[in-house]
Amino acid sequence: MCLRSGRFIIPTGVLRRLADDSSVPAESRQALLDSVAVEQSWRELRAAHTEATQSGFLAKGISSLRVAGVLAPVPAVTIYDCKTTQSLPGSPVSNPGKSSDLTAKRAFDTTRGVIDFYQKCFGRNSVDDAGMTLMSSIHYGVRYDNAFWNGSQMTYGDGDGQVFTDFTKSDDVIGHELTHGVTQFTAGLDYSDEPGALNESVSDAFGAMFHQWRAKQTVAEADWLVGPGVLGPVAIAKGYTCLRNLAEPGSRHCLSPQPSHYRDYVPGGDPHENSGIPNHAFYLAATSIGGQAWEKAGKVWYAALTSPKARPSTGFNQFATLTRAAAKSLFPRDASVYRGIDDAWTRVGIPEADISV
Amino acid sequence: MQDRYIIERRGGFAGLKASGAVDGDALHPDDRKTLEQLLDSEEPFAGLPGADRYTYVVTRENASGSTTREIPENAMPSAVASVVRAEI
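Protein chains in written order, with the working numbering: chain Y, 869 to 1225; chain V, 468 to 555.
Everything labelled a hint here was simulated from the structure, so no lab data went into it. Please note that the accuracy of each hint is not assured.
Only pairs whose alpha carbons sit at most 30 Å apart, straight line, appear in this in silico DSSO-like list of lysine-lysine [claimed, not checked]:
| id | chain 1 | residue 1 | chain 2 | residue 2 |
| --- | --- | --- | --- | --- |
| 1 | V | 500 | Y | 951 |
| 2 | Y | 1106 | Y | 988 |
| 3 | V | 500 | Y | 1037 |
| 4 | Y | 1084 | Y | 951 |
| 5 | V | 500 | Y | 1106 |
| 6 | Y | 1177 | Y | 1196 |
| 7 | Y | 1037 | V | 484 |
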């Protein structure tokens, strides 16, 4: 479990120096001072929320509020409109499921879909497994080419209209962002080096699985692409078909090609780069086992992610070991699951290690 | 030699690098002042919470040499951040 402490983003000294600068407009100086106070309060509040949830579980000796019988009803989904500002969360969108703004409707409907996916496939009640309200902000920034999870909510940009379009247009992107929330409340994987790559890979794998689940696809029918719907006309004209591809991480049709074997691991690389290695392991495992990804391979990955043995510092070897153990414990009578998982990790350069986790 | 800022954007959901450069005189004085204070600050930046956030690596080049600093996206003046273009 991950208990994060409050962290400043902009050094408070910088904020205060700018606030003291007489050449800065008065309203901006006041806003800077307000930011110092609000940033601290907001971070303390969020840290307290996460800490209270996780330490509450630990104190009660339980791994889930679901077990404690204190389930929230179906998690609420709220949508906010940033109206091209970078002020979060923005203005609330009333009745987003019937909004004439297709971005609001897509964010709402797809987030509800992710909630259903986690409930029906993995028995999880929202990202914290305690019915947490899922908040999304849309129309963030001007031509903002990104979507992110900020530790409390999802945020989606509209894209620049050239390389990228609206980031709500690929359901796997929404599944990806919400899975960062699941990871935060479970293994709490650090966001650098191997844990960071695993963090990104888990989001890609569950995002892809969510897309397949909605489309009722088998592993053979799936395209295993990440973000095909968010590519803009310039990217498409250049022959790109996706951001990443779990089946072929190094494909030249990917905007962000990745390594697919541990020998090509990039020390100190971006988590989105090295995630290609565990991404490909998941693809190999799921396609070897067959059927629908969430039935077996997905359950094994989920068991590893939510294992009490998964830690913020968990790397490729430890995570692979957790999946090998989960394959045996979840499917003791189906040896093909263990074989598929073991072979997949071995093929990406993570053979069975002599380690205990 | 006047100040020139070379900016590289890393991270983001796409993991796609973007870069650009701008002369100091081309920036609004307020944006330039903010950028200078960020570059000269001795306080460490903590990483942004969550995932898929942008980080900017800004290098200031002038007659005195160069200074490089990683700056989280929500500290960057938006006009400076908009200088970068994705490399595809």
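Exercise. CA of residue 500 (chain V) to CA of residue 951 (chain Y), is that 30 Å or under?
Worked result: 27 Å, holds
Exercise. Keeping to a limit of 30 Å between CA atoms, is the pair of residue 500 (chain V) and residue 1106 (chain Y) held or broken?
Worked result: 39 Å, violated
Exercise. CA of residue 1106 (chain Y) to CA of residue 988 (chain Y), is that 30 Å or under?
Worked result: 39 Å, violated
Exercise. Regarding the pair residue 1177 (chain Y) and residue 1196 (chain Y), is the alpha-carbon distance no greater than 30 Å?
Worked result: 16 Å, holds
For this session: Measure nothing beyond the straight line between the CA atoms of residue 500 (chain V) and residue 1037 (chain Y); if it is 30 Å or shorter, mark the hint as holding.
Result: Violated. Residue 500 (chain V) to residue 1037 (chain Y) sits at ~38 Å, over the 30 Å cutoff.
For this session: For the pair supplied as a hint, residue 1037 (chain Y) and residue 484 (chain V), confirm whether the alpha-carbon distance does not exceed 30 Å.
Result: 22 Å, holds
For this session: Mind checking the alpha carbons of residue 1084 (chain Y) and residue 951 (chain Y) for me, to see if they're no more than 30 Å apart?
Result: 35 Å, violated
Comparing the model with each numbered hint stated earlier shows that hints 2, 3, 4 and 5 do not hold.
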